[in-house]
Amino acid sequence: MSLHTFGWSVLALALLAGCSQKDDGKTVVRIGSVAPLTGAQTHIGKDNENGARLALDEINATGLTLGGKPVRLELIAEDDGAEPKTATLVAQKLVDAGVAGVIGHLNSGTSIPASKLYNAAGIPQISPSATAVKYTAQGYQTAFRVMANDAQQGAALGQFAVKTLKAQKIALIDDRSAYGQGLADEVEKAVRAAGGTVIDRQYTTDKATDFSAILTAIKGKGADLIVFAGMDPQGGPMAKQIKSLGLKAQLLGADGIQNGNFIKLAGADAEGAIASSPGLPLDKMPGGPTFKQRFNAQYGEIQVYAPYAYDAMQVFVAAMKRADSADPKKILAELTKTDHTGVTGQIRFDAKGDTVGGAVTLYQVKNGTWAPLATVQ
Amino acid sequence: MDIFAQQLVNGLVLGSIYALVALGYTMVYGILELINFAHGEVTMVGAMVALAVMGALLGVAPDLPGILVVIGGALVAIPACILLGYTIERVAYRPLRQAPRLAPLITAIGVSIILQNVAMLIWGRQYIAFPPILPQATFQIAGAQVSALQIFIVLLSGIAMAGLWFMVQRTRLGRAMRACGESREIASLMGVDVNRIISTTFIIGSALAAVAGLMVSAYYGLAHYYMGFMLGLKAFSAAVLGGIGNLGGAVLGGLLLGVIEALGAGYIGDLTGGFLGSHYQDVFAFLVLIAVLVFRPSGLLGERVAQRA
Chain E
1 MSLHTFGWSV
11 LALALLAGCS
21 QKDDGKTVVR
31 IGSVAPLTGA
41 QTHIGKDNEN
51 GARLALDEIN
61 ATGLTLGGKP
71 VRLELIAEDD
81 GAEPKTATLV
91 AQKLVDAGVA
101 GVIGHLNSGT
111 SIPASKLYNA
121 AGIPQISPSA
131 TAVKYTAQGY
141 QTAFRVMAND
151 AQQGAALGQF
161 AVKTLKAQKI
171 ALIDDRSAYG
181 QGLADEVEKA
191 VRAAGGTVID
201 RQYTTDKATD
211 FSAILTAIKG
221 KGADLIVFAG
231 MDPQGGPMAK
241 QIKSLGLKAQ
251 LLGADGIQNG
261 NFIKLAGADA
271 EGAIASSPGL
281 PLDKMPGGPT
291 FKQRFNAQYG
301 EIQVYAPYAY
311 DAMQVFVAAM
321 KRADSADPKK
331 ILAELTKTDH
341 TGVTGQIRFD
351 AKGDTVGGAV
361 TLYQVKNGTW
371 APLATVQ
Chain V
1001 MDIFAQQLVN
1011 GLVLGSIYAL
1021 VALGYTMVYG
1031 ILELINFAHG
1041 EVTMVGAMVA
1051 LAVMGALLGV
1061 APDLPGILVV
1071 IGGALVAIPA
1081 CILLGYTIER
1091 VAYRPLRQAP
1101 RLAPLITAIG
1111 VSIILQNVAM
1121 LIWGRQYIAF
1131 PPILPQATFQ
1141 IAGAQVSALQ
1151 IFIVLLSGIA
1161 MAGLWFMVQR
1171 TRLGRAMRAC
1181 GESREIASLM
1191 GVDVNRIIST
1201 TFIIGSALAA
1211 VAGLMVSAYY
1221 GLAHYYMGFM
1231 LGLKAFSAAV
1241 LGGIGNLGGA
1251 VLGGLLLGVI
1261 EALGAGYIGD
1271 LTGGFLGSHY
1281 QDVFAFLVLI
1291 AVLVFRPSGL
1301 LGERVAQRA
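Which chain is which? The protein sequence lines are E and V, in order.
The first sequence begins at 1 in the numbering used here and counts up by one.
The second sequence begins at 1001 in the numbering used here and counts up by one.
Among the clues, some could well be false.
[Stated by the list, open to error] Distance condition first, Cα-Cα at most 20 angstroms in a straight line; then the derived SDA-like pairs of lysine to any residue:
| # | chain 1 | residue 1 | chain 2 | residue 2 |
| --- | --- | --- | --- | --- |
| 1 | E | K207 | V | G1066 |
| 2 | E | K248 | V | S1147 |
| 3 | E | K264 | V | F1284 |
| 4 | E | K166 | E | A249 |
| 5 | E | K221 | V | F1152 |
| 6 | E | K207 | V | N1117 |
| 7 | E | K264 | V | G1055 |
| 8 | E | K264 | E | K169 |
| 9 | E | K264 | V | L1134 |
| 10 | E | K243 | E | K93 |
| 11 | E | K243 | V | W1123 |
| 12 | E | K207 | V | L1233 |
| 13 | E | K207 | V | W1123 |
| 14 | E | K243 | V | G1055 |
| 15 | E | K134 | E | D185 |
| 16 | E | K69 | E | K134 |
| 17 | E | K243 | V | L1008 |
| 18 | E | K69 | E | A249 |
| 19 | E | K329 | E | K134 |
| 20 | E | K352 | E | R30 |
| 21 | E | K169 | E | K69 |
| 22 | E | K264 | V | W1123 |
| 23 | E | K366 | E | K221 |
| 24 | E | K221 | V | R1125 |
| 25 | E | K321 | E | G139 |
| 26 | E | K163 | E | G139 |
| 27 | E | K207 | V | L1134 |
| 28 | E | K207 | V | F1284 |
| 29 | E | K221 | V | I1113 |
| 30 | E | K221 | V | A1137 |
| 31 | E | K93 | E | E188 |
| 32 | E | K248 | E | L280 |
| 33 | E | K93 | E | D185 |
| 34 | E | K352 | E | K221 |
| 35 | E | K243 | V | G1277 |
| 36 | E | K264 | V | R1125 |
| 37 | E | K221 | V | G1277 |
| 38 | E | K264 | E | E301 |
Hints were generated in silico from the structure; no laboratory data involved.
A quick note: this is a predicted structure, and the numbers were derived from the prediction, not measured.
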């Protein structure tokens, strides 16, 4: 009996018996998932992995055949610790393991160095959450993302600050990571374009907890709005210190702080903070509510990017199906033609690998939760 | 002017936190000439244990006054850290006391990594929030916004330094400590129980670390398994800046480092016309450290000790 017919008979048996399917005789196709699973961003990293895993489990449960052979997808979840250096090591490991594609990495600072290795190996990479412009601007045919990039988000933030919030004196703080720096640059550009004034630009690191010195400097310049481009472990204490230093300025952040952890860390001082997030609010996403149900049943609360990791995996496997092959080259050719209705919305890629027409939504903390404020296209 | 005053306050509070931790480094160094790199991690464990206890207390009695909850946390965290500090000394340092000086330095780094990983396994990798139970009252002093907690932190590091100084200079235990610092062999010939004295030093240092950890997590509103590393490094630098082995030096070094960092971060951008940004604050602080060590290798208050063969 050939492997082919054996696999089919097992599947048929499994379906007839109504029991869980057996792996025997199925070709295994490996897909990588990379996110920080140690360090300060672990909660967001695990969230990405779970999103990708949920998609993969659902596809495995319905069954997948490539070139007439039953296929079982296997997720190789790797940890890059949000470190650029580790990211390249992990990328090489995945290339050596012969993955068909990679969902990741989570950060821009890790996705960019890793993209060079994936490109050299011809392996498609779809980042659920890297938003730095540079990621898709390196001329790599293998780099894709399913989220609005920093140029889109920064433009939305800058415009919102000047046009809607009517801020006169805007101070910028970034954490000097590829994400924070790139985003702050885009916000600065958009603020100037909208006719606003940036009165101060301060810097911190993605490991700092004390911002009293830079906040005091900003206070001295009389800022009425502080834009923070960084993540929640810094944003939380920063919100606290803004209040304890008696600053009247409004805090405006991006997707790095638009999560539950920020509110937990800042406590009551989170109240009133505004932050943007690419895409739509979960309950406004076409597939949001049902996704939430399925995700919660498996993994508990959604942190931020899980729906995007889920969509990235779905988009990738859809391209794999159309290519009817696990060959990265053939998948790549199909990936560029993607027109997928995902949980987060319609996903199409432009020539660079960016999502076309990504929406950016602004949220404000009200009574201890993020409430949608406005959506900017 | 009020901005400058505020930056000074920021620096003093930050410096007092460094000083509290630096006291622990300097005490151990004064006796053993050992840099206890695990001290930062003991601070972290203190914060984590205190937060866990406080969480449990709030779960049982949510209406308990905030101060009592914090004291409850401290009452468990201090013995826990004492036990930890004692164990570290017994397991990682005492067997190596006659070994070359590099050996205990390496076990110290090893203990530090083990503690980080154990803390990560127990409490997870997430940032743990400090419950919002302390009063948030702030005062205006000379145009600067000061909170009760900040005043408490500054006072605490002063009291800790004064208390330790009194103990070392004026008590029998302190005399024994100083004797051990001079020469362990001679001290033991004079009837000093060297092992007991060294254990006591670790116990006092660890109790202080527990309190420092609790203060840090209360001040910044969070605790994390990695928080001890950078804190330990800065505190160690503070101890070296002030003259390691010298209690007053640890506090002076801590305050100086804190103030330099705050002023550096606050003014460096404007002074250099945006050429150097506030992310260079650490560079600035360490430049001062290097400059001091070039001209005073034993630190600001450190005494020149003749090299013993």
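A quick look at each hint next to the structure:
Between E:K207 and V:G1066 the CA atoms are separated by roughly 29 angstroms; this puts the pair beyond 20 angstroms, and the hint is violated. Restraint check: the Cα-Cα separation between E:K248 and V:S1147 comes to about 17 angstroms, which is no more than 20 angstroms; the hinted pair holds. The hinted pair formed by E:K264 and V:F1284 fails the criterion: a straight-line CA distance of about 33 angstroms is larger than 20 angstroms. For the hint pairing E:K166 with E:A249, the CA-to-CA distance comes to about 12 angstroms; that is within 20 angstroms, so the pair holds.
A C-alpha spacing of about 29 angstroms is found between E:K221 and V:F1152, which places the hinted pair above 20 angstroms, so the restraint is violated. For the hint pairing E:K207 with V:N1117, the CA-to-CA distance comes to about 18 angstroms; that is within 20 angstroms, so the pair holds. Of the supplied pair hints, the one linking E:K264 and V:G1055 holds, its CA atoms being roughly 14 angstroms apart against a limit of 20 angstroms. Restraint check: the Cα-Cα separation between E:K264 and E:K169 comes to about 29 angstroms, which exceeds 20 angstroms; the hinted pair is violated.
Taken as a hint, the E:K264 and V:L1134 pair is honoured in the structure, with Cα atoms around 16 angstroms apart against an allowance of 20 angstroms. Straight-line distance between C-alpha atoms of E:K243 and E:K93 comes to about 46 angstroms, which puts the hinted pair past the 20 angstroms bound. A hinted pair counts as satisfied when its Cα atoms are at most 20 angstroms apart, and E:K243 with V:W1123 does not qualify at roughly 28 angstroms. This hinted pair checks out: E:K207 and V:L1233 have alpha carbons roughly 13 angstroms apart, not beyond 20 angstroms.
For the given pair, E:K207 sits about 19 angstroms from V:W1123 by alpha-carbon distance, which is consistent with the 20 angstroms threshold. Distance hint between E:K243 and V:G1055 is unfulfilled; the C-alpha atoms sit about 24 angstroms from each other, more than 20 angstroms. A hinted pair counts as satisfied when its Cα atoms are at most 20 angstroms apart, and E:K134 with E:D185 qualifies at roughly 12 angstroms. Our distance criterion of 20 angstroms between C-alpha atoms is broken by E:K69 and E:K134, whose separation comes to about 39 angstroms.
Of the pairs offered as hints, the one joining E:K243 and V:L1008 holds, with about 18 angstroms between alpha carbons and a cut-off of 20 angstroms not exceeded. Distance restraint check for E:K69 and E:A249: the Cα-Cα separation of roughly 61 angstroms exceeds the 20 angstroms cut-off, and the hinted pair is therefore not satisfied. In summary, the hint linking E:K329 to E:K134 is not supported, as the alpha carbons are separated by about 23 angstroms, beyond the 20 angstroms threshold. Simply put, E:K352 and E:R30 have alpha-carbon atoms about 25 angstroms apart, too far for the 20 angstroms limit, and the pair is violated.
Of the pairs offered as hints, the one joining E:K169 and E:K69 is violated, with about 62 angstroms between alpha carbons and a cut-off of 20 angstroms exceeded. Only pairs whose Cα atoms come within 20 angstroms are accepted, and E:K264 paired with V:W1123 is accepted, the gap being roughly 16 angstroms. Of the pairs offered as hints, the one joining E:K366 and E:K221 is violated, with about 28 angstroms between alpha carbons and a cut-off of 20 angstroms exceeded. Using a Cα cut-off of 20 angstroms, the hinted pair E:K221 and V:R1125 is violated, with the two alpha carbons roughly 37 angstroms apart.
Between E:K321 and E:G139, the direct Cα distance comes to roughly 26 angstroms. Violation of the 20 angstroms bound is thereby established for this hinted pair. Between E:K163 and E:G139 the alpha-carbon distance is near 34 angstroms, which puts this suggested pair outside the 20 angstroms criterion. For the suggested pair E:K207 and V:L1134, the alpha carbons sit about 25 angstroms apart, so the restraint of at most 20 angstroms is broken. About 17 angstroms separates the Cα atoms of E:K207 and V:F1284, which keeps this hinted pair within 20 angstroms; it holds.
The hinted pair formed by E:K221 and V:I1113 fails the criterion: a straight-line CA distance of about 42 angstroms is larger than 20 angstroms. In summary, the hint linking E:K221 to V:A1137 is not supported, as the alpha carbons are separated by about 24 angstroms, beyond the 20 angstroms threshold. Taking the CA atoms of E:K93 and E:E188, the gap is near 38 angstroms; set against the 20 angstroms cutoff, the hint is violated. Annotation: proposed proximity of E:K248 to E:L280 is violated, straight-line Cα distance about 29 angstroms (limit 20 angstroms).
A C-alpha spacing of about 33 angstroms is found between E:K93 and E:D185, which places the hinted pair above 20 angstroms, so the restraint is violated. With a C-alpha separation of about 40 angstroms, the suggested pair E:K352 and E:K221 falls outside the 20 angstroms cut-off, and the hint is violated. This hinted pair does not check out: E:K243 and V:G1277 have alpha carbons roughly 24 angstroms apart, beyond 20 angstroms. A threshold of 20 angstroms between alpha carbons decides the hint, and for E:K264 with V:R1125 the separation of about 15 angstroms falls inside it, so the pair holds.
Of the supplied pair hints, the one linking E:K221 and V:G1277 holds, its CA atoms being roughly 16 angstroms apart against a limit of 20 angstroms. Distance restraint check for E:K264 and E:E301: the Cα-Cα separation of roughly 14 angstroms lies within the 20 angstroms cut-off, and the hinted pair is therefore satisfied.
When the structure is compared with the earlier hints, violations turn up for hints 1, 3, 5, 8, 10, 11, 14, 16, 18, 19, 20, 21, 23, 24, 25, 26, 27, 29, 30, 31, 32, 33, 34, 35 and for no others.
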